[in-house]
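Chains as they are written, first to last, in numbering that gives the first Met the number 0: chain A, 0 to 258; chain B, 0 to 268.
Keep in mind the hints are simulated off the structure, nothing from the lab.
Take the hints with a grain of salt, since some may be wrong.
Unchecked claim - Lysine-lysine pairs mimicking DSS-like chemistry, simulated, CA-CA at most 25 Å apart:
(1) B/Lys-136 <-> A/Lys-78
(2) A/Lys-78 <-> B/Lys-261
(3) B/Lys-261 <-> B/Lys-104
(4) A/Lys-38 <-> B/Lys-261
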Amino acid sequence: MSSEVVIRCRNVGKAFQLYARREDQLRQALFGFWRRYYKQHWVLHDISFEVRRGERFGIVGRNGTGKTTLLQILCGITKPTHGSVEVKGRVAPILALGAGFDLELSGRENVLIGGAILGLSSKQTSQRMQSIRDFADIGEYFDQPIKLYSSGMGARLAFAICAHVDADILIIDEALSVGDQAFQAKCEAFIADFAKHGTLLIVSHALGYLEQICDRVLWIDGGHVQESGEPHEVLADYVEEMTGVPPADGKPHKVRRKG
Amino acid sequence: MIFGLPLERAWHFRDLIRVILGRELASRFRGSALGWIWAVVSPLIMMAAYTVLFSGVVTLSRSSAHQSLGTRSLLIFSGITVFNFFAELLYRAPGLLHEHASFIKKSIFPSETLAWIAVLRAFVYAAISFGVLVVFKLILTWQLPWTIILVPFLVVPLIMFVLGAVWFLTALGTFTRDVVHLMATIVPLFMFITPVFYSFTDVPVDVRPWWRLNIVGDYIDLFRDAVLYGTVNAASLTLYGICFAVSYVVFRLGYAFFMQYKAVMVDVI
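Generate coordinates for the entire structure from the input sequences, incorporating the hints supplied.
What follows is the structure, encoded as structure tokens:
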């Protein structure tokens, strides 16, 4: 593949600031220029990879290994502590447990806000409102406050918004797992269609689905890139590591690069 | 452009600001029977209460002895209109990011626009209060000074000043909840050292220079000159120039402070 690189992640590391005392946060804000009042807790170390236009790129790893943080960095929600990230094009993120919704507002109102956050004008969002409503398919709940939604309904709405913002890059974090079969099928159909022109980055524990859809998979463990490459191989190694049992097709164990 | 980057960013996100502002305004009175009437009624009640209190019960200002009840209530109401605009935002700013935590953590949200939304929302209420003041003034005196057309020139630096303050307090309040309690303590005290219930000329001459350091009081003073008395002279223009300069500095510094910590705030919220 020789198409343009749309996501370039170079030596990205992320440390969260851990404060021994609550008031140290204030001290840091006021005097942080001169002194450091926190300990660093590293969750990502030296992550480097590239994704090209039109690729379907999967990320796997156990819980708490920094996948979501990595996606947040790619979306621009938080900044890496070192390293650099370049992302070209409009990103639509569908993060775990619903997108950024105001729980007091109705689905319709959140669609207006979500559209504006992702760069649509309010006119564009209004024009697409019916189509978004049809896609989410949550009936009368569309005009109810989000706080009344089930997690599945929230995911439906979040996905429906992101499916309508003309994104160049779609970033999906575990959002599909809470949807029912009908909605998952709809999302998968959309993703298959989207992948014809857009770039897809997907974090999931549904390994079968990843293997089926992705061109490439990145396995992160303990904040390090453990392995990256062809989905079948990477996922087989990941399963083996997780369960301690080599996969059924008996692929020989590979020596992996550690940290 | 003179106002630079902060304004460019706000313009870029104008649709987002408009949508959230519209929803916040609509939802504030949703579920209340009188709805928008509250925005008019509550400043009126406050004015009535303070007028009665400071004319009958307590004699606060020296000049009040030979002031009519109407003059005094206009004085108090104009003070409350400006001061409430500040006070509401000072109370709200430290928790602003917590209020919208879900946007900030889960979407690519330009958090600096929250200050614009909060300030514009408070400004809408201030504008309603101002409308009530003008009507009240007309009823009482049957005239308005021509200088009332200068009010927009006051509004510009006033909004810059509060924006800067909100950015600064929001950033601080995100790092420590203490700022919320601090504001709850400071703002009521602050009201008494600000010429809200009295006029600037009631302040003893020897401490007046110190009173001038309070920019909120200066804005109230300028506001009264323009709306109530129609006195615009060299002294008030100088004061205006100083207020404008200070406000501009606060605006830029507050923005810079917020943007400096913007990325870190996502991690601590």
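ask   = Where does the structure disagree with the numbered hints, that is, which hint numbers, in rising order?
value = 1
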